[in-house]
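S.K.: Chains as they are written, first to last, in the UniProt record's numbering: chain A, 1 to 94; chain B, 1 to 476.
These are calculated hints, taken from the structure and not from any lab test. It is possible that part of the hints are untrue.
[Said to hold, decoys possible] Coverage of chain A stretches by chain B, computed from C-beta distances (three or more under 8 Å per stretch; other residues unrestricted):
#, segment
1, 22-35
2, 43-57
3, 60-69
[Stated by the list, open to error] Below, a list of computed lysine to any residue pairs in the SDA-like style, where the Cα atoms sit at most 25 Å apart:
#, chain 1, residue 1, chain 2, residue 2
4, A, Lys78, B, Arg95
5, A, Lys78, B, Phe148
6, A, Lys89, B, Asn87
7, A, Lys89, A, Val17
Bear in mind the structure is a predicted one, so any value in this text is a computation, not a measurement. From the three backbone atoms N, C-alpha and C, an ideal C-beta is built for every residue, glycine too.
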Amino acid sequence: MAISVKDVQHIASLACVDLNETEQERFAKQFNSILEYFKELDGLNTEGVEPTYHVIGLNNVFREDDAYEPLPQEEALKNAPRHEKGYFKGPRIV
Amino acid sequence: MDGDGLEGSVIIGLEIHCQLNKLNSKLFCGCSTKQQGLEPNTMTCPVCLGLPGALPVINKKAVEYSIMVGLALSCEIAEHTQFYRKNYYYPDLPRGFQITQYDWPIASNGILTVEADGEERTVRIRRVHMEEDPGRLVHQGSIETSKFVLVDYNRSGMPLLEVVTEPDLRSPKEARRFINKLRNILEYLDVFDGSLEGALRVDANVSLRGGARVEIKNISSYKGVERALLFEISRQQNMKRRGVKVTQETRHYDDERNCTITLRTKEQAEEYRYYPEPDLVPLSVKSWEPRLKATLPELPDARRERFKKQYSISDDHAKVITSEIRVANYYECVAGKCEPRLAATWVADYLKGELNYRDRDIKDAFEPEKMIYILEQLKTGIITDKGAVEVMRALLDEGGDPKDIILSRNLAKVETDITKAAVKDVIKENLEAIRDYKDGKPQALNYLVGKVMKKTNGRADPAEVNLLLRELLECT
Ligand SMILES: [Zn+2]
Chain A
1 MAISVKDVQH
11 IASLACVDLN
21 ETEQERFAKQ
31 FNSILEYFKE
41 LDGLNTEGVE
51 PTYHVIGLNN
61 VFREDDAYEP
71 LPQEEALKNA
81 PRHEKGYFKG
91 PRIV
Chain B
1 MDGDGLEGSV
11 IIGLEIHCQL
21 NKLNSKLFCG
31 CSTKQQGLEP
41 NTMTCPVCLG
51 LPGALPVINK
61 KAVEYSIMVG
71 LALSCEIAEH
81 TQFYRKNYYY
91 PDLPRGFQIT
101 QYDWPIASNG
111 ILTVEADGEE
121 RTVRIRRVHM
131 EEDPGRLVHQ
141 GSIETSKFVL
151 VDYNRSGMPL
161 LEVVTEPDLR
171 SPKEARRFIN
181 KLRNILEYLD
191 VFDGSLEGAL
201 RVDANVSLRG
211 GARVEIKNIS
221 SYKGVERALL
231 FEISRQQNMK
241 RRGVKVTQET
251 RHYDDERNCT
261 ITLRTKEQAE
271 EYRYYPEPDL
281 VPLSVKSWEP
291 RLKATLPELP
301 DARRERFKKQ
311 YSISDDHAKV
321 ITSEIRVANY
331 YECVAGKCEP
341 RLAATWVADY
351 LKGELNYRDR
361 DIKDAFEPEK
371 MIYILEQLKT
381 GIITDKGAVE
391 VMRALLDEGG
401 DPKDIILSRN
411 LAKVETDITK
421 AAVKDVIKEN
431 LEAIRDYKDG
441 KPQALNYLVG
451 KVMKKTNGRA
461 DPAEVNLLLR
471 ELLECT
């Protein structure tokens, strides 16, 4: 399956990222070359090899059920391009 | 519409999201779970806001609670379990993905029985898994017409348990009972307070046998579940009657208008592209099972059986009393000091009835000590049943002390002498009824009892009046 410019536009719109035409073509090309590489990986024989879900080999890391101080509201909203009455403001959904 | 023509043709499966709101902190960060009524975005941190570089670490107690719930639902606990990223673009997710479980949920293959018109129905639990709650969206007007959306991330990262059933439920009433029973179990386990807003939310799958499956999303009230299902079933039945094919879709339940509306879901929205969450390490916690099993409290079904044996109360009473942990605790407190069967009648029938009528919870009732006092007065004959009900109503509506209420409202039963005098008067004044009674019309006696009760302002004991009347009528 190849990634078309249309696919890139779709993903960009879902991710709310504006891409111009040159960028769309460039990303389509790059995505396709990444998929090409995956095809190469697909060719490898992985019979009997356990799937790896995590690479560091740790498990059972927990925190105790203790609460800490949250961020002040201004701090939480600081990076948001739009906010109103203490809320983040986002685009309509349906 | 319950039952008739529906039984056997309706297929319902539920996905129930319960907030583990008894924890101190959120699932993956140390923000407090006490976020009810707070200003928006005042209980957040880099982790639950999804800021770059923030690392989630799982709350150990949340895992323990999840295992306890799994065990209470007779599930198997997974040997290994891990988290996944469920990717979708929606403003309620600050990172663009939700951390949830996918393969290897913490618990699976359980059962829960519910009452289904005279029989018990076994509902299979497919899985119980942990996930984080998304943020809360505030729409301007309705979800369809809103121009933009306001987002509060206080709820983001709240620990949720999702309980997924097999499609084993057969009516909206059963679905409601299932949810009530689940809520009840979670409250017995002390991991959940169902009275908090948004603590429990339900997605329901509904189909008529042979038809397509419709998913109703985000039903957020207990009463809403039954109503949403009733609406959706009649919608599907009407379509079937008109020969229109039901299509597989996702609908949103509008609580205010009591209808379901179609959600135009974006194409490919169902492709969540789950992949293992690399920031959280896998869990191997099955070894906790014996320890946690030992801490499980007595659960509703077991408590019901014990109440029947220990207090010799009826199955119906035992069921009503144990169907809410607070009621059960209240009852045990009263039954420890009074005649347990009398206590059952007064807690299950009268008190619960008065509370339901007022749409109130047992936690808003008066203290058990006051109930004990009322029942003592009743047992020793100081007040009548009617008087006891009046004291209860006054306590619920105005509060106060039962002793004062009995005094100030003259509820203490009248002395036998006064009752006797009233009986004599009534006999003198109602010769016709007495003739009827002697002619073999027993209902005339009830009429006379009523007259005496009226004369004593309801403060005579009807049983005593009955006896006195009979005695006097026999010998005149
Ligand atoms: Zn946080």
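S.K.: Next step is simple, just say for each hint if it's right about the structure.
M.R.: Going through the hints against the structure:
no. : hint                 : in the structure
1   : 22-35                : violated (count 0)
2   : 43-57                : holds (count 4)
3   : 60-69                : holds (count 9)
4   : Lys78/A <-> Arg95/B  : holds, 16 Å
5   : Lys78/A <-> Phe148/B : holds, 19 Å
6   : Lys89/A <-> Asn87/B  : holds, 21 Å
7   : Lys89/A <-> Val17/A  : holds, 17 Å
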